[in-house]
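Peer 1: The lines below spell out each chain.
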Amino acid sequence: MTKKEKKRLNSIIICTVLMLAALLLEKMSSVPQWASICVFLFAYLAAGADVLLKAFSGIRSGEIFDENFLMAVATVGAILLGDHREAVSVMLFYQIGELFQSLAVSRSRKNIAALMDIRPDTANLETEGGILTVDPEEVAEGSVIIVRTGEKIPIDGTVIEGSGVLNTAALTGESKPRSVSEGDAVISGCVNNGSLLRIRTTKTFSDSTVSKILDLVENSSLKKARSEAFITRFARYYTPAVCISALLLAVIPSLVTGDWRTWIHRALTFLVISCPCALLLSIPLAFFGSIGGASRSGILIKGGTDVESISAIGTVVLDKTGTLTEGSFSVSGLYPADGVSEEELILTAALAETYSTHPIAAAIREYAGDIEVPSDIREASDIAGHGVKTVCSGNTLLAGNRKLMTAEGIAFTENELPGTVVYVAANGKYLGSIIISDTVKPSAPAAINALSSSGISCIMLTGDNRESAAIVADALGITDYRADLLPEDKVTAVESIIAERTGKGTVAFVGDGINDAPVLMRADVGIAMGALGSDAAIEAADAVLMDDDLGKICKAIDISRRCMRVVKENIAFALGVKALCLILGSIGRAGMWAAIFADVGVMILSVINSARLLKKE
Amino acid sequence: MTKKIRIEVDCAACAAKVEEAMRSVPGVDSVSVSFMTQKMSLEADSNLFPGILNDCLKAARKVEPDFEMEF
Chain A
1 MTKKEKKRLN
11 SIIICTVLML
21 AALLLEKMSS
31 VPQWASICVF
41 LFAYLAAGAD
51 VLLKAFSGIR
61 SGEIFDENFL
71 MAVATVGAIL
81 LGDHREAVSV
91 MLFYQIGELF
101 QSLAVSRSRK
111 NIAALMDIRP
121 DTANLETEGG
131 ILTVDPEEVA
141 EGSVIIVRTG
151 EKIPIDGTVI
161 EGSGVLNTAA
171 LTGESKPRSV
181 SEGDAVISGC
191 VNNGSLLRIR
201 TTKTFSDSTV
211 SKILDLVENS
221 SLKKARSEAF
231 ITRFARYYTP
241 AVCISALLLA
251 VIPSLVTGDW
261 RTWIHRALTF
271 LVISCPCALL
281 LSIPLAFFGS
291 IGGASRSGIL
301 IKGGTDVESI
311 SAIGTVVLDK
321 TGTLTEGSFS
331 VSGLYPADGV
341 SEEELILTAA
351 LAETYSTHPI
361 AAAIREYAGD
371 IEVPSDIREA
381 SDIAGHGVKT
391 VCSGNTLLAG
401 NRKLMTAEGI
411 AFTENELPGT
421 VVYVAANGKY
431 LGSIIISDTV
441 KPSAPAAINA
451 LSSSGISCIM
461 LTGDNRESAA
471 IVADALGITD
481 YRADLLPEDK
491 VTAVESIIAE
501 RTGKGTVAFV
511 GDGINDAPVL
521 MRADVGIAMG
531 ALGSDAAIEA
541 ADAVLMDDDL
551 GKICKAIDIS
561 RRCMRVVKEN
571 IAFALGVKAL
581 CLILGSIGRA
591 GMWAAIFADV
601 GVMILSVINS
611 ARLLKKE
Chain B
1001 MTKKIRIEVD
1011 CAACAAKVEE
1021 AMRSVPGVDS
1031 VSVSFMTQKM
1041 SLEADSNLFP
1051 GILNDCLKAA
1061 RKVEPDFEME
1071 F
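If you're matching them up, the sequences are chains A and B in order.
By the count of my numbering, the first sequence reaches residue 617 at its end, each step adding exactly one.
By the count of my numbering, the second sequence reaches residue 1071 at its end, each step adding exactly one.
A couple of the hints might just be wrong.
[Stated by the list, open to error] Subject to a maximum C-alpha distance of 25 Å in a straight line, what follows is the list of computed DSS-like cross-link-like pairs (lysine-lysine):
1. LYS615(A) with LYS568(A)
2. LYS1003(B) with LYS3(A)
3. LYS1004(B) with LYS223(A)
4. LYS3(A) with LYS1062(B)
If you are wondering where the hints come from, they were derived from the structure by calculation, not from laboratory data.
From just these sequences and the hints, can you work out the full model?
Peer 2: Following this line, the structure appears as structure tokens:
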């Protein structure tokens, strides 16, 4: 408990004791009535002194309608009417409610901190004078650090000595071991389960993955959801409105009936009901709990607004390569033209692709094995969406798709086989084609199935040709796909999907964060996956899946939908109970006790409802 | 520039009040206060930032005397 909470608990205990004493004194006929009233007043002041002070300073600063003011007027009014027992209990329960609220919030803060227990406390820095244990913040980029077995890697870097198995559970939510050895890049937050690792840091602590993730989760509550902003705005009108109604309720019927006491009493219950605390607290708590729970499962959601739009996803647009498929290509067939050997075909292709960074080029080079690269490769141009054109030892080599062949005026035989087709030509002569295929990710079919069965339509985008797109789409049960897209076409494709959408659902784009940052930004919801260590993707996306598991898309939608349900439940419940109590109160059917329930009871119940979201499944 | 600042605020209603008060401080482009994480983010001209931040603290204290900022 904090100091403030302890102080509040003390005043609650003192108030309770004094109130019991006063009730006892009241029963004793030998004690004069003024004595018991005095004790009641002491009990009242024990619980309510700070409320009265705050209400007073609120009036002075012009911020009149806050909960302190409401409580002060309601209880002072009750005392003046002679209902000192009610005044003390309203104040007492108000304080109990406040204490509960404060405890609930610090508990969920602690829970989230525990869930996000990835912050390394120390780093073992290698120096000339031996190994020093230092604060990770003090380690400069390019330093060498030591990570022993069972320790967390504190800073992103590259392994320079040792090999081992890393546990990424704290980051991804799943303990899939990753083996690393010399030369591999490692990210902070992973636990070293192998032998001792020497790591050269490539980043500072504040730029490392762990700091980025913690920042993101901590700051997510600053990106407020529409429903939260709505409630804050609502409270601004609601509280003064109820106060004015209370005033009218006290004056108008009294003038008619002359029964001032009854109507003032009813008006005071109005004031107690009008406190908006339940709503103001339970809604951010729900978002906070959901975002915290999601991050535990390796799903980072950037803010309340994003929870809202994820819960409303109607269409998911998925990139094919790297998202639905492994993105690791391999040559699956060579189809040389007449009079050309397989060897000539693959060697020419490999030469043409020497300097290309495209995964397809890498697959061709890997298949060709070690080849001698002539030193006179003069012109190598990557034509996005087409292929490459290379000039080498006076020969013009082409490797690319149909479009490249057509553009270069090469007569070629169309290869209709599934997979990505690379056509190869040298000096205007067609040499044949190579089929490269990619495997579908194991988690993809189940994820697509789950999305479709929850009424979400899936659309696949790819830069590959129609045939290879169809193969993957068929395997996954996706009926809608757009093929032959150049990287810049993907933004246009997503824009047209957003324009064509039916109904209210939002459009999400799922990509691996490489080359598709503009699409991630353009979609209603940008989801980057497998984004461990990719800063650009974390920056551009609204939600980040820490590993490659497509099932996390459904999980993110589930978590967000559950969050929005709780938010709606809380809004409906709190407003419903308050409206009911206001009506019953104005006709004299609900007294101060109902008002206390409408205020404190509703707050406690909705906080408990929100706290459900924090629980781990 | 946008800066995240650690704060101390007592209740959800207070956070909303403080946010509202700071929003009307001249020079503030946007401000968001989170009661849950006890943090706020303030967006303002970087040259005038320290002064604006100070004005924000004053505005916040006026409506919520217990409000604290760590900077």
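Peer 1: Would you mind marking each hint as holding or not holding in the structure?
Peer 2: We went through each hint and held it up to the structure:
Note on LYS615(A) and LYS568(A): the hinted pairing holds, with a Cα-Cα distance of about 19 Å set against a maximum of 25 Å. For the proposed pair LYS1003(B) and LYS3(A), the alpha carbon gap of about 29 Å is over 25 Å, so the pair is violated. About 12 Å separates the Cα atoms of LYS1004(B) and LYS223(A), which keeps this hinted pair within 25 Å; it holds. Of the supplied pair hints, the one linking LYS3(A) and LYS1062(B) holds, its CA atoms being roughly 23 Å apart against a limit of 25 Å.
In this structure, only the earlier hint numbered 2 is contradicted, and the remaining ones agree with it.
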